[in-house]
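Trainee: Chains as they are written, first to last, in the numbering used here: chain A, 1 to 72; chain B, 1 to 260.
Source of the hints: derived by calculation from the structure; they are not laboratory data. Incorrect hints may have been included.
Going by beta-carbon spacing under 10 Å, a handful of chain A positions derived as facing chain B [what the hints assert, rightly or not]:
hint, residue
1, G18
2, E19
3, D20
4, Q21
5, Y24
6, C25
7, R26
8, Q27
9, M30
10, D34
11, F55
From the three backbone atoms N, C-alpha and C, an ideal C-beta is built for every residue, glycine too.
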Amino acid sequence: MKNASAQVEHEASTSTVGEDQLYYCRQRGMTEEDAMSMIVNGFCREVFNELPMEFAVEAQRLLSVSLEGSVG
Amino acid sequence: MLQVENLTASIGGTPILKGLDLSVGSGEVHAIMGPNGSGKSTFAHALAGREGYEIGGTITLDGQDLLDMEPEARAAAGLFLGFQYPVEIPGVNNMYFLRTALNSVRKTRGEDEVGARDFLAIAHEAMALVEMKEDFLYRAVNAGFSGGEKKRNEILQMAVMQPRLAVLDETDSGLDIDALRVIASGVNSLRGPDRSMIVITHYQRLLDYIEPDFVHVLVNGKIVKSGDRTLALQLEAEGYADFVGEEQGAASTSLSGAVS
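The following block holds chain A by itself, in its conformation from the complex (with noise of 0.2 Å):
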């Protein structure tokens, strides 16, 4: 894992995203939601690309799932 503030875990469910990175986005203007997915995103853009190109884009399918309520 090379972002050792974020936890991502099987099934895709996202936990912890760090706290300085919202904090930061948040005083950058943004909602915590929209930082939230930004940061999640942004990190799993990272992870795709180490992986073979067939499984990027299934990947990068299955990232458009709706983080919504995934704050807190």
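Since the structure of chain A is already known, use the hints to place chain B on it.
Mentor: Just chain B now, kept in the frame of chain A:
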């Protein structure tokens, strides 16, 4: 513009700020200097609304009660914090981050969002201020940036956000003299009658480049002395020892780990 009255902040019952008063007028630049552990960064985060502090007293910005507002609402009200330790956001490019930030505050203020082409023009203008190259926009936010690049990125963000009040927390730390000059020149070009700044620093050196209207000495959670630029020069020559009593010195040393 900014009124801070009897501000207190503690972490887990440990008091850090102990009744801080500060008044900043429109267009003014105030420097806050103090030894490690005096509460400088805590003050910056209390203004920005970081969670985890027990806060007392009042903070108003243009008459709005900041303490009642979430961090993002404070940003929309015009508060910008230049972080001492800018945070890395892997996989999110700088351009996307900046545009999302700008449009977030615009949306909150009921203004139209800025489209991609218009934003590029805004970004290029801001980048010129801090002498950044084009590729900077397409790198992940602060990821793998050098210390100087991170600090320049903070000023770039400030230039894009055009805040009413900019709080710069140890923007000079970890910079060599060339990077310091670039950053100071960027900051100076953002000075104006409608924008105020609070420049937090440990060292007088920064104030040679960003000349403040007022200097305040923060010791043990309180402003113990205020003056003009000459106060910073006096501190440079004599250190903080005159302002730190025996007891206060011990207290600030023991807190240095908690508030950095």
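Trainee: State for each hint whether it applies.
Mentor: Here is how each hint holds up against the structure:
For G18/A, the interface hint holds, since its Cβ comes within 10 Å of a Cβ in chain B; the closest pair sits about 8 Å apart. Residue-level restraint check for E19/A holds (minimum Cβ-Cβ distance to chain B is 8 Å; threshold 10 Å). Evaluation of the D20/A hint against chain B yields a held restraint, the C-beta minimum of about 5 Å falling below 10 Å. At its closest, the beta carbon of Q21/A sits 5 Å from a beta carbon of chain B; the interface hint therefore holds under the 10 Å criterion.
At a threshold of 10 Å, the smallest CB-CB gap from Y24/A to chain B is about 4 Å, leaving the interface hint in force. At a threshold of 10 Å, the smallest CB-CB gap from C25/A to chain B is about 8 Å, leaving the interface hint in force. With its C-beta approaching chain B no nearer than about 4 Å, R26/A sits inside the 10 Å limit, and its interface hint holds. For Q27/A, the interface hint holds, the least distance from its beta-carbon to any beta-carbon of chain B being 5 Å, beneath 10 Å.
For M30/A, the suggested interface contact is upheld, since its CB lies about 5 Å from the closest CB of chain B, less than 10 Å. Interface hint status for D34/A: upheld, as the beta-carbon distance to the closest one in chain B is roughly 7 Å, under 10 Å. Residue-level restraint check for F55/A is violated (minimum Cβ-Cβ distance to chain B is 17 Å; threshold 10 Å).
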